[in-house]
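S.K.: We have chain F already, so just place chains Z, V, G, D and E on it with the hints.
Protein chains in written order, with the numbering used here: chain F, 5 to 252; chain Z, 5 to 252; chain V, 5 to 252; chain G, 5 to 252; chain D, 5 to 252; chain E, 5 to 252.
Note that these hints are calculated values from the structure, not bench results.
Take these hints with a grain of salt, some might be off.
Stated by the list, open to error - Computed list of lysine-lysine pairs in PhoX-like fashion (alpha-carbon distance at most 25 Å, straight line):
no. : chain 1 : residue 1 : chain 2 : residue 2
1   : G       : Lys222    : G       : Lys238
2   : Z       : Lys174    : E       : Lys6
3   : D       : Lys174    : F       : Lys174
4   : D       : Lys6      : G       : Lys6
5   : Z       : Lys174    : V       : Lys6
6   : D       : Lys174    : V       : Lys174
Bear in mind the structure is a predicted one, so any value in this text is a computation, not a measurement.
6 protein chains.
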Amino acid sequence: MKLLLINPNTSPFVTDMVAAAARTVIAPDVELTAVTGTYGPPIVSGRSEDALAAVEAMRLALEHAPGHDAVVLAISFDSGLQALRERLDIPVVGMTEAAMLTAMAVADRFALITFGYHARGIYVELARRYGLDARMSTVLSLPQLSDEQIRDPARVFPALRNLIEEVVRKDQAEAIILSGAIFANICGDIAPLVSVPVLNGVREAVGIAQSLVRLNLKKPLSGSYRLPEPKPVKWPFDVIERAYQSPS
Amino acid sequence: MKLLLINPNTSPFVTDMVAAAARTVIAPDVELTAVTGTYGPPIVSGRSEDALAAVEAMRLALEHAPGHDAVVLAISFDSGLQALRERLDIPVVGMTEAAMLTAMAVADRFALITFGYHARGIYVELARRYGLDARMSTVLSLPQLSDEQIRDPARVFPALRNLIEEVVRKDQAEAIILSGAIFANICGDIAPLVSVPVLNGVREAVGIAQSLVRLNLKKPLSGSYRLPEPKPVKWPFDVIERAYQSPS
Amino acid sequence: MKLLLINPNTSPFVTDMVAAAARTVIAPDVELTAVTGTYGPPIVSGRSEDALAAVEAMRLALEHAPGHDAVVLAISFDSGLQALRERLDIPVVGMTEAAMLTAMAVADRFALITFGYHARGIYVELARRYGLDARMSTVLSLPQLSDEQIRDPARVFPALRNLIEEVVRKDQAEAIILSGAIFANICGDIAPLVSVPVLNGVREAVGIAQSLVRLNLKKPLSGSYRLPEPKPVKWPFDVIERAYQSPS
Amino acid sequence: MKLLLINPNTSPFVTDMVAAAARTVIAPDVELTAVTGTYGPPIVSGRSEDALAAVEAMRLALEHAPGHDAVVLAISFDSGLQALRERLDIPVVGMTEAAMLTAMAVADRFALITFGYHARGIYVELARRYGLDARMSTVLSLPQLSDEQIRDPARVFPALRNLIEEVVRKDQAEAIILSGAIFANICGDIAPLVSVPVLNGVREAVGIAQSLVRLNLKKPLSGSYRLPEPKPVKWPFDVIERAYQSPS
Amino acid sequence: MKLLLINPNTSPFVTDMVAAAARTVIAPDVELTAVTGTYGPPIVSGRSEDALAAVEAMRLALEHAPGHDAVVLAISFDSGLQALRERLDIPVVGMTEAAMLTAMAVADRFALITFGYHARGIYVELARRYGLDARMSTVLSLPQLSDEQIRDPARVFPALRNLIEEVVRKDQAEAIILSGAIFANICGDIAPLVSVPVLNGVREAVGIAQSLVRLNLKKPLSGSYRLPEPKPVKWPFDVIERAYQSPS
Amino acid sequence: MKLLLINPNTSPFVTDMVAAAARTVIAPDVELTAVTGTYGPPIVSGRSEDALAAVEAMRLALEHAPGHDAVVLAISFDSGLQALRERLDIPVVGMTEAAMLTAMAVADRFALITFGYHARGIYVELARRYGLDARMSTVLSLPQLSDEQIRDPARVFPALRNLIEEVVRKDQAEAIILSGAIFANICGDIAPLVSVPVLNGVREAVGIAQSLVRLNLKKPLSGSYRLPEPKPVKWPFDVIERAYQSPS
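So that you can see chain F by itself, here it is in the shape it has in the complex (with noise of 0.2 Å):
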């Protein structure tokens, strides 16, 4: 089984982190290759971006995902997964759906951590997307991370250990979705430190997807997924162009 990593923030060293994290939960028949975004912002912080992120992984998943089982979206506001999971013909799992899918089959309700105030609303309205929200406690935040807490977010663990058990004690909270590909690889430190599994979403999207792929279900001909007609589109990028005149 071939999984493809699609990270559509245009940082490698975030790739680096998550396709290693990814790594750790494979089974031993699973290759997994990671790429990185070309186009958008090196990490993506709010609305807009997520809207360039969403094009810029397809563009990615069109050009990458010929000769892949599945595809795993490592970018915590899921963009584009909607778009990948209708133009593909693999699987299409997203880190935070994956997150919150996984949390609700080890506990009642989840909280999600995120770092910097305005990315919450997004998280709010993600969840109520997916019809997720009576599962979800709250949205939380920390300040935003400075860089060299990007680079290193064991510095973040004093903060983020009050910060969750304040959380499991007030909210109701049975588990953690620590959000941002950054932390994919670290979660595995901090659940020493705290009551409650903490979750991140990209190896949990890289279990879902490796049972997606197990599964072989039907691409949808009915319905919002199904393959769209083939349509003149013109679009900056070939790759694109190119999808929307043959059937993929």
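M.R.: The following block gives chains Z, V, G, D and E in isolation, referenced to the frame of chain F:
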């Protein structure tokens, strides 16, 4: 007051139709300019095209919004609505959002009617994303419109009338959203044929946009709709690259 | 276009305040007339007074609506909104409904702030009744206003500012509805002090009312908002008795 | 224990029917008095009449409640329920609220059946207002009852039986609320004809009212159901004016 | 009327407490018998014990229900409620279900208070399962009760009073469910100390059970609460094996 | 990795069917053992049998789980899922929960199809309990399977195919959950006949279980899924009594 109507579809005849509809509901002190997409499909009809249209809407908005007081987004998936609302410092209103908000001010529950069976799931998700699903009784379809019907929507009136009265009788709908930019200027023609109000969204969005301009509400300085920080963003469209370099 | 603003409270100074606020957002071709209640409490503040205000609003509407194009109901419980919307053949907009619908066009979740602790449950119920509770983050209170504060609401600004920033930080609110007709014309004064849009409802209702008039949607002939059949109704107010005798 | 049954409809024969039904479910130590409305329509059937009935229910309650231990509100829109619950210091139970609460103690989801198509939206809104919509599978209608059927509801049994079995089969309803005060004493006659429990609300409200009296719960001193402060209220009904002058 | 109160906990002193509380709210023509569990934990406090208690409740019900008119299930997780409601042909009422249904007839939103932090998620899930989460403002905990406090719950009054007033102020709760069978007969003692009604569930369940007996609703012949078909079931408890051999 | 599949039904041929289906989706490094219930009904089909199956699942899990890395619960009501998840320190996945979570990763809304009309209410409640009802479009039934159909489910394909296409067309379902352990290994045979993915739950649960094992999330130390304290529990099954005597 100057309104900018953005049609990120690349079909100028659609822009003409919606602009004509839009102009029927503007106050004497309002001017409306309409622009059409260059990139993307002629008529957006699915999830991946929605992602393209979001970025094309951004491109058009960044190019044309300066000098205007509000933007009306004339595409029935509200493609890019959240992105524009964050990125611009003037109000932005989506047509289906506006149709739903307005329907709730004249009826208890509304039904949405679309053409072709694959878009229904997108509207179901949109209503849930907006947190308005409790007020939407159902989403129904008539078959995909033929080219002839797209250019002369009155041909579909008999089938439409029957479907509307059925949904009124069976699903407790008290208002109908007839989705699709191309229906913008014929809702009035359908009205005498049926027993409930019929909305489309374009004219409703123009109404709400005018209201928002006169309200002159503060652009948020916090939360998910505040303006993003300047950051280096690579993108094929210059206007997008430039926008991220300095606060808009 | 002629708008009728109905204040079913019996305090003329409140009507003056809200009418002044309302007039700041009307188009050049719009006139606004305001009427004040005769029966009921000076300022409606609870559930049983809400029931009285609903009937008083009906009395005022039946008396004064003829010759107008829409009604704005300037009472923060939206007392009688459903009754008027059924009974009249012109659009009727409630101020809190309008505040909520408008808040959703500029922010993800809104919080509502009221004065005195007993009204919170009424707003919680109102949001649920409207099916908008998923977009309301919380309802908060400051202590009941003193008479001095009712006549000079700026005295409450420091406490209000602190509460707003707290709800923004803690409850992910991205817009604030400052409930109560008496705040209608000072929202603009609070705006510079806080980081998010502040709505009141009166001006928002005037905006939506103008939109509905220009849309010229059909009065429903079916459903719960169609005009009731003539029937014998005994009531102390002649205008109400007469209204039921013949179709309005 | 003394119960007061209030029928704010002005049709004494309806009061007789519901009082007879009510008396079939009272304990040996319970007496029930029934009063009929003087003002308002003979049989309330829409939104504006609901507003009138709410005030008429208040008038009747303030006049007749003294000396009773609880009030049962025998009108299927629960007109004035919240107002009475705040205004009186004894329990008040609405018939449709009681039907819903009771249905949930014998079945998973219930359907509500009404007569005439225009009231459906009112019940949809009522269930949402009560936060019980997840347990209501649907609201259905049979045509408006003729005068003959109002006086002899058994005539409608065949059509009703078919509708009930259809909603059981198609909408997963496990209990039926047959709405309308006039059905109060014939639910028992329908029961043998169908496969699920049939509730009406009047008898269920009498059951809950007895329970509340024996529970002797505290009248709230805070929140939206506490007694309002004395205040000057002008109203054509003396009993209402007097009530606001001093704490009840 | 004969009521059977089932306490599937194996602590007779708890049964005595709840039976005493239950008897304070029965009508003159009602007798109440109480039985205690033999199998399972002394006091059920978590998810796996809930599963055991459900079967123990079934065993007790099948053994003791014959000759009774309704069953009251006196365990705060409502363990086995759905099973008994299907299996018996008399009404069955759970204590927390009854507390929630009753709270909604006296207040808008209720909060639930429990002891020890691990049960909160169970109540959150219970409210969601019942479809009543929109009316539950929050679930809060005080620390696990000590043995001394279990036998003399008044010791916890000061902490409880503070928590109740805090949840009233902060979470818009208008009624409190003080969960746990052992609080059944002290809610009345707490009432004078706080500003809102305090419910426990046992007495409320006895009230609803009496109502259901007098209503004499039909045992469902279809849906998920109809009696199961006879079938061979092997089980260590004879009474359970026998029940499945012939229609109860 | 060693997975334990628990079928608390007492029909070994069902266990064989589901184990065969389960083995089609395991990674090369995974072994799967399956066990069948001894106590309870041959095939669980209602609410009281669900309660028995929950305890039988506990008995089987406590007996057989040691030495395994995760448990898959192969019964379509997910009987005992919450109990096992608390009681064991390895992941536990229910088949219908897994079907729902997986369906949401390939489609917007799913419909669930069952056999016989009485189980529908149980699935409606299950979706609500899981907080996933917004994503479930409906629950439908075909008539109860005959013995012949249970052993040769292909006989039901023509009726099933028609029902699936109808629910796709009418209820906006984009994926189908074909509920019932006996359908575990024929979903693949139905797939070519219909236009949407068909899930059953057993294979999906095996996929999620593998994912959870590789994720190695922390067993909660707080909340409703933490391990219960040792306590004296009397129960006919030794393995259950012993489990409560010392932390598992």
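S.K.: Taking each numbered hint in turn, which are not upheld by the structure, reported in ascending numerical order?
M.R.: 1, 2, 5
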